[in-house]
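There are 6 protein chains.
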Amino acid sequence: MKYKIVAESIPTIPWENKPANSSEIILRYSKNPIIQRNHLPTTNSIFNSAVVKFGDEYRGIFRCDDRRREMLLHSGRSKDAINWDISPKPIKFANKPADLPEFEFGYDPRVVKLDDKYYITWCNCCNGYTIGVGYTYDFETFYQLENAFLPYNRNGVLFPKKINSNFAMLSRPSDAGHTPFGDIFYSESPDMEFWGRHRFVMKPTKGWQSTKVGAGPIPLETSEGWLLLYHGVLTSCNGFIYHFGAALLDLEKPWKVIAKSAPYLMSPQTIYECVGDVPNVVFPCASLIDKDTGKMCIYYGAADTVTALAFAYVDDIIDFVKNNKANY
Amino acid sequence: MKYKIVAESIPTIPWENKPANSSEIILRYSKNPIIQRNHLPTTNSIFNSAVVKFGDEYRGIFRCDDRRREMLLHSGRSKDAINWDISPKPIKFANKPADLPEFEFGYDPRVVKLDDKYYITWCNCCNGYTIGVGYTYDFETFYQLENAFLPYNRNGVLFPKKINSNFAMLSRPSDAGHTPFGDIFYSESPDMEFWGRHRFVMKPTKGWQSTKVGAGPIPLETSEGWLLLYHGVLTSCNGFIYHFGAALLDLEKPWKVIAKSAPYLMSPQTIYECVGDVPNVVFPCASLIDKDTGKMCIYYGAADTVTALAFAYVDDIIDFVKNNKANY
Amino acid sequence: MKYKIVAESIPTIPWENKPANSSEIILRYSKNPIIQRNHLPTTNSIFNSAVVKFGDEYRGIFRCDDRRREMLLHSGRSKDAINWDISPKPIKFANKPADLPEFEFGYDPRVVKLDDKYYITWCNCCNGYTIGVGYTYDFETFYQLENAFLPYNRNGVLFPKKINSNFAMLSRPSDAGHTPFGDIFYSESPDMEFWGRHRFVMKPTKGWQSTKVGAGPIPLETSEGWLLLYHGVLTSCNGFIYHFGAALLDLEKPWKVIAKSAPYLMSPQTIYECVGDVPNVVFPCASLIDKDTGKMCIYYGAADTVTALAFAYVDDIIDFVKNNKANY
Amino acid sequence: MKYKIVAESIPTIPWENKPANSSEIILRYSKNPIIQRNHLPTTNSIFNSAVVKFGDEYRGIFRCDDRRREMLLHSGRSKDAINWDISPKPIKFANKPADLPEFEFGYDPRVVKLDDKYYITWCNCCNGYTIGVGYTYDFETFYQLENAFLPYNRNGVLFPKKINSNFAMLSRPSDAGHTPFGDIFYSESPDMEFWGRHRFVMKPTKGWQSTKVGAGPIPLETSEGWLLLYHGVLTSCNGFIYHFGAALLDLEKPWKVIAKSAPYLMSPQTIYECVGDVPNVVFPCASLIDKDTGKMCIYYGAADTVTALAFAYVDDIIDFVKNNKANY
Amino acid sequence: MKYKIVAESIPTIPWENKPANSSEIILRYSKNPIIQRNHLPTTNSIFNSAVVKFGDEYRGIFRCDDRRREMLLHSGRSKDAINWDISPKPIKFANKPADLPEFEFGYDPRVVKLDDKYYITWCNCCNGYTIGVGYTYDFETFYQLENAFLPYNRNGVLFPKKINSNFAMLSRPSDAGHTPFGDIFYSESPDMEFWGRHRFVMKPTKGWQSTKVGAGPIPLETSEGWLLLYHGVLTSCNGFIYHFGAALLDLEKPWKVIAKSAPYLMSPQTIYECVGDVPNVVFPCASLIDKDTGKMCIYYGAADTVTALAFAYVDDIIDFVKNNKANY
Amino acid sequence: MKYKIVAESIPTIPWENKPANSSEIILRYSKNPIIQRNHLPTTNSIFNSAVVKFGDEYRGIFRCDDRRREMLLHSGRSKDAINWDISPKPIKFANKPADLPEFEFGYDPRVVKLDDKYYITWCNCCNGYTIGVGYTYDFETFYQLENAFLPYNRNGVLFPKKINSNFAMLSRPSDAGHTPFGDIFYSESPDMEFWGRHRFVMKPTKGWQSTKVGAGPIPLETSEGWLLLYHGVLTSCNGFIYHFGAALLDLEKPWKVIAKSAPYLMSPQTIYECVGDVPNVVFPCASLIDKDTGKMCIYYGAADTVTALAFAYVDDIIDFVKNNKANY
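Protein chains in written order, with my numbering: chain X, 836 to 1163; chain S, 836 to 1163; chain H, 836 to 1163; chain F, 836 to 1163; chain Z, 836 to 1163; chain U, 836 to 1163.
If we strip away everything but chain X, and leave its shape as in the complex, we get (with noise of 0.2 Å):
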């Protein structure tokens, strides 16, 4: 490996390789979609889910939209990652702050393990769409904590460590509706409790990435600063393009932006990425790390219809960033 990565090493990570004369960085998996929009009798759509190494296994929480078509959490376990089986039932949080509205909807989870817990973030429905904060130690209880921010906000991703002795989250601040703009900005706090310390990390510019970009699965620590997937939305007249693509964030100051990638690393292309919901989506939300190897392995909502995977290295993806610097 040309690159170094601080993460926990998952040798069983799922793999495919690549075909021989393909000069692409990322492979989708040939067996895609992994999870199926009624995967569970009640469900009309599974998609921008997370997944985290859990012992010998994996557990995970799913974005499963109703046939009401409303966005509810699920809790998932699999021994290999790729067969799910997930919790016919939503999740149901304990220990909600007094005051706070129940729990209604909620979406586009991400999960990180940080000390003994695994904390979960999640796009909130509480008087406006907010980050949502919970932990669970065994994805069998989960307990909530205060919303990080005011609405509107969405995308809200924990980094895996203490940052300047804080915990430390991207977000990006939106609207009240279906948002054409966003930014990603970085907060820090003490306690999980309390945010501030906001500071601007980077904004739509050109092409794939010029109407909103958001921060996608949990930065990964590299000897070359912090590597951060991050969807891209590009406005054609018929409509939203989810892609994503890389950025390299400093590692002290995260809102630093060392380099980011002109190209995108993926836009919507099969027909379950093109057809379904939402067309012309990819959007990742979690990846599994063989610190090893470098091998990635990428979950990404597909059409915000279903769960699809994607391979790659992360030198390849380092390498991709560098060598392919936006220079706006």
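One should not assume that every hint holds.
In silico DSS-like cross-links for lysine-lysine, where the CA-CA straight-line distance does not exceed 27 Å [said to hold, decoys possible]:
{"#": "1", "chain 1": "F", "residue 1": "LYS927", "chain 2": "F", "residue 2": "LYS837"}
{"#": "2", "chain 1": "Z", "residue 1": "LYS1130", "chain 2": "F", "residue 2": "LYS927"}
{"#": "3", "chain 1": "S", "residue 1": "LYS1041", "chain 2": "F", "residue 2": "LYS1038"}
{"#": "4", "chain 1": "U", "residue 1": "LYS952", "chain 2": "X", "residue 2": "LYS853"}
{"#": "5", "chain 1": "S", "residue 1": "LYS952", "chain 2": "S", "residue 2": "LYS927"}
{"#": "6", "chain 1": "Z", "residue 1": "LYS948", "chain 2": "Z", "residue 2": "LYS1130"}
Covered, in the sense of this in silico footprint (three residues per stretch, anywhere, with C-beta under 8 Å from a C-beta of chain U), are these stretches of chain Z [said to hold, decoys possible]:
{"#": "7", "stretch": "841-854"}
{"#": "8", "stretch": "984-997"}
{"#": "9", "stretch": "1016-1022"}
{"#": "10", "stretch": "1029-1037"}
If you want a taste of the chain H side facing chain S, the calculated C-beta under 10 Å gives, among others [said to hold, decoys possible]:
{"#": "11", "residue": "GLY911"}
{"#": "12", "residue": "ASP915"}
{"#": "13", "residue": "ILE917"}
{"#": "14", "residue": "ASN918"}
{"#": "15", "residue": "SER922"}
{"#": "16", "residue": "CYS961"}
{"#": "17", "residue": "GLY963"}
{"#": "18", "residue": "PHE984"}
{"#": "19", "residue": "THR1014"}
{"#": "20", "residue": "SER1022"}
{"#": "21", "residue": "SER1024"}
{"#": "22", "residue": "ASP1026"}
{"#": "23", "residue": "LYS1088"}
Please keep in mind that the hints were generated in silico from the structure rather than gathered at the bench. Cβ coordinates follow ideal geometry from the N, Cα and C atoms, glycine included.
Dock chains S, H, F, Z and U against chain X, hints included.
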């Protein structure tokens, strides 16, 4: 059968049995779509159409958008309700009320037998979209009546018998464009010429029915109330998604909703429902019912492009509504 | 007088003579506005209101927006048609048809005497804006009838006599918001309960009447046709501008426009018409006519804030329409 | 006095008595506006500004839009709270937190004395509008703290004492433009650096407060709860209209609304409120209260152009809220 | 005088001296507006008009919106440049190029003397708004040339002499409606028939010039460059506000901006500028200059309703631009 | 052949015969798309491209959107007009006119041979979208000329010979975004530098051509007039749908439309036309014609993603236009 149906019995209704392991209430016909977009050499698409039993055969009124992309009504005949012989010429209405403009364009027809006539309602482009009304005895000669309402209105659906001694119609007041709202209202007429006693029935609320709702096929009289299939629209960031669900309306005061389903019955999921002139549309306009078995055969437009068929038992739908009541 | 008027003669109509050198057809009352916005301690504004002769006195229905900024109807009485005693309490209608929601809000009333009743129409907020209908004998007790139409509709204006043996009404179908379009339609009813035979009358075309048009005061029967004052809206880069002009409609078939004026009769020009809750509005809702002299006294709302008065001769208006016919 | 006020007593508050026959609770100052738009040779307008008692004098933070039409904060001093000496130079904040962008533009300040500091909050243009926070001891040197929240936020208003041992702030999350929505939220901070425990307070509902609501002057502690003046916006067909009304919030849990007024307290009615850069705006940002008499002197921006003054008794306002409670 | 002006000297230019204590560069004429909206019995408004010296007298082309609210060009004559005799009939152009549609509507004219002709440019409604071009020798007979550009374009302003041996024009490409954007471009023509060599000049940036910018009067040749007055638009929550400022353009390559003013020179502040058909507009279309004294007399439309006059010294304006350069 | 074609004869044009029973005029190539989106390792999509005969081979200018999602022009060569060798580097133009900004982005090229040059027009992003013009002799060195017009303009298409001794171009004035309108205009130039004599050709009317229209391939001179294929857009509730049809233009005065087709010739119906970056687009930019047989080979972009091919006889298209004339 669990519930009683008041309707003509149609024992030769098309039918396919559900796979043994299916938990779905609605089954798509395996040979969908039953009518292709280029069924006639002049058509761009055939969808959102209505059929009825007619003697030993079936007759229908079809929305045929021609290659100018104008919307016209054609009549059709079939022996099995699946293979249709559609007239190459649009319907010409006789007896147009004086000073109404010539029939120009019309779409989304419904048909119902009432006494000795087959009444047709459609969205009539007549100085603005409104509900056109006509009738036929034989599907060969068609007579036009006064428009039921002022513009702007769509989805006018007659009840199959008089209520409070009046003709009764559901409709969805709208605006002059692609209407981002829409409630269902109920109206009565002593004579099919003058309409009044307008009552609010239901409005969009949440999830799949959050943007607008509109009546689908002719309501079915049952022991539990009028069974109404209705479409509901959700606005994603890339446009409208049309689903359908069901409601039970009071038999005497059909503007009173006894129950409506929180989940949808069907959402666009197949390639012919998700891809076409308007991606992501299922839009039911007619059903055939065998009153003795409760078999219901639903005709629906898919992606505003083709006509498709689905099967369900009335008992199952009524139980579904009762067991999944929306409290909103 | 040049033209014949069919109407009650009201010799004590308010009047000011035009300055000798004026070429204007319409003269604003020198003491405008006649009703200030805070005329009642509870009102935010009083405008778009209707008045009629009542014995030796005058009665009126006033749009009084209260300080919640909700729209209510109040009755009022006057001896001289200029100084008004407006009831501090909103009108309560008796006899509301069953299953219609309670009267909530209403605005822009018109009043007409027909047989022994004074009929009132208004924009009735009843699960959407539509035309409310009621009547009174004495302006003390008010009775509510069925709404004339389904939502969304505004500016319902009755004719002062039956046409083709039916009650007849002009109205302007609209949408659920601040409607950026609007045609005038004509409808008939045998009984003030069921309405039909809807006919298109006129649509917005150019200039001051390019965005929407709507009927103003009760049409006046003359030897030249029904004389209709109507408002027309132009959309500037800073919003709507409301003017009014005049048209002559066929006496037998009032949906046939004999002539309409290309120039407006009045546009907002004074400070009380240009400044207020909605800048740049003149909006006529009533007129008093002395049939013997042709004096016409026009009551109009100014800037959606106050009530004003203007004077004109019917002969002058008819000549103006005839000599300035729009050919569009 | 009927109700008890917790505040500094300011006996030299400016005051005019109401006309004997007035039923109005709020009285406009007869010499309004007190600050003209061209008060400084470089200003386009001065409005939406805040003042406080300072020793025997008064100090203020003024929104001064310069002739580039950029929004700046200037400090000012006055002996009588009516005649103001405004510094010709905008405020420069010292001690800006590292990595925050330079102060660029800011507007709509509020000022409150808390312990020994005068805290200032404002809408800070800092990679998006959010709530800037600073303080001064002397209105000569100003220190900047971290922004309270992520963008997009406006109308941040501090409470004049700690609640639950924390600093407490109201704010109105918004979007990146002229925000057509807006709820009031409540947040706490242990240290004026990190904020959390966000709670929903109130949202727009009907009438004058149907589009958005936002906190006005610093809340006033009374025996009946926190008395909050807040602006509310109605959207007419020609734009926003800004009014203000009042609410009582729970003393311990200020996110609980005890009562709010259905009618407004003030709407734009005078020429300087209806005509200017933004027609039809009254926007209160500060009040001076004499705790012994309950006299309240309200400073408000008019038409986004000038600064005006109005008088009221706290007792009257509290009674008004109690007697005119909105049930929505 | 500090700077040299290249222009005809007009010693009898109207003039009022500034008050002694004024720091303003621009002085409004004390008897504004000089032309009222009803100056002609057929006009709704007269504004955005152009005037020139003509022998010992003055001539002008006036935008006269008639009472249909259609935009027409009238010629006018004056002895003192303040009191105008405007022809009651719109201008008819002779020699219209074949196959161009008849002159229908036109507005916002500019006039410049070039060689022996007075060239007129205006916004010509000709299958879309574009720049109409014509000329006259005597303001009695007018000749039409080819439109300079394809739609959509407005604010076409000729230079008063050839540049690079070509005719030269500034214009502002726009869209088919109330255009919420707008840059100034420069174009050349060898023959007033074919145009090309289009160059970008400047775009909207911030503050008063953040939405769109457009050239005003004919540029004035000075020793410091072409002095251009131009309007700039800011979008408030209640609509557009039109201001004007000044720029200096390179004499040889006028698409190169030497400097432009960060602050505006004038914003709408008087009642006749803030109230009218379009509130908050000052829009300059012409100036008269006395080259010996540098006195400049600016004609501008106010509130899209009336015509007004303002005075300034060219030296002052040039210094203002140089001392208040925008760095954006 | 029924009609005479004036063009170079290209006997080796690609061709597939229609199925015997087809009533379609246009036949899609069975191996469509001929160019896949990832044809080059750097491309996101290749579509809306133009080809010409070049000696015994073919050359083309291809719209290649790269993976930044920026639009670039690449040249390509082919022996059979189906299998293309596209240069991996974008075209660099030499000889750019002074003071024009550097070539940044460009798209939707057309190519035509005129005298000894191959002229290229494209949508040139140059301070706003406008028509870029260049030429080549060999498809290796490319020279840039002045932009033909001011922004905003798209779909500039040259005629293959001079008209009235001038170069002639069709174009579609537009706005700065995804333009919801668009007429075709005609312009002339004596020298490819200055353009004028602009004439309106046609506008959107109804059905498939109700939102905007734009010229497609280079017009074909025939005995019946210039045969123009043009795209037309209909706005469904889920976005734009791009079709194409045909028109005949007067040979001498090509702005005069002899006839245009009421029905479309092709609408998006296959999976590669309905699914991709912009669903539901067929967009023709070039055709090859064998003048002896009338075989026409149409190159069109599909779904803004890939390049496809279709076949038709010129005789059939001309008859189609004549027999299906739109009367609007």
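- Message: Need the status of pair S/LYS1041, F/LYS1038: alpha-carbon distance at most 27 Å?
- Response: holds, 19 Å
- Message: Using the nearest Cβ pair, does H/ASN918 come within less than 10 Å of chain S?
- Response: violated, 39 Å
- Restraint satisfaction for H/CYS961 [CB to CB of chain S, less than 10 Å]: holds, 8 Å
- Message: Given a cut of 10 Å on the nearest C-beta pair, is the interface hint for H/ASP915 held or broken against chain S?
- Response: Hint on H/ASP915: violated, closest Cβ of chain S at ~39 Å, above 10 Å.
- Examine the stretch 984-997 of chain Z for residues whose CB is less than 8 Å from any CB of chain U, and state whether their number is three or more. holds (count 5)
- Regarding the hint that H/PHE984 lies at the interface with chain S, is the smallest CB-CB distance below 10 Å? Hint on H/PHE984: holds, closest Cβ of chain S at ~6 Å, below 10 Å.
- Task: Check, residue by residue, whether the stretch 1016-1022 of chain Z contains three or more positions whose beta-carbon lies closer than 8 Å to a beta-carbon of chain U, and give the verdict.
- Result: holds (count 4)
- Under a C-beta cut-off of less than 8 Å, do 3 or more residues of the stretch 1029-1037 of chain Z approach chain U closely enough to confirm the stated coverage? holds (count 7)
- Using Cβ atoms only, decide whether H/GLY963 comes closer than 10 Å to chain S, and label the hint accordingly. Interface hint status for H/GLY963: holds (7 Å vs cutoff 10 Å).
- Query: Should the hint that H/ASP1026 touches chain S count as held when the rule is a Cβ pair under 10 Å?
  - Reply: This hint holds: H/ASP1026 lies near chain S, its Cβ roughly 8 Å from the closest one there, short of 10 Å.
- Closest C-beta approach of H/THR1014 to chain S relative to 10 Å, hint status: holds, 8 Å
- Status of the H/SER1024 interface restraint (C-beta, 10 Å, chain S): This interface hint holds because 6 Å falls under the 10 Å limit.
In this structure, the hints that do not hold are numbers 1, 2, 4, 7, 11, 12, 13, 14 and 15, in rising order.
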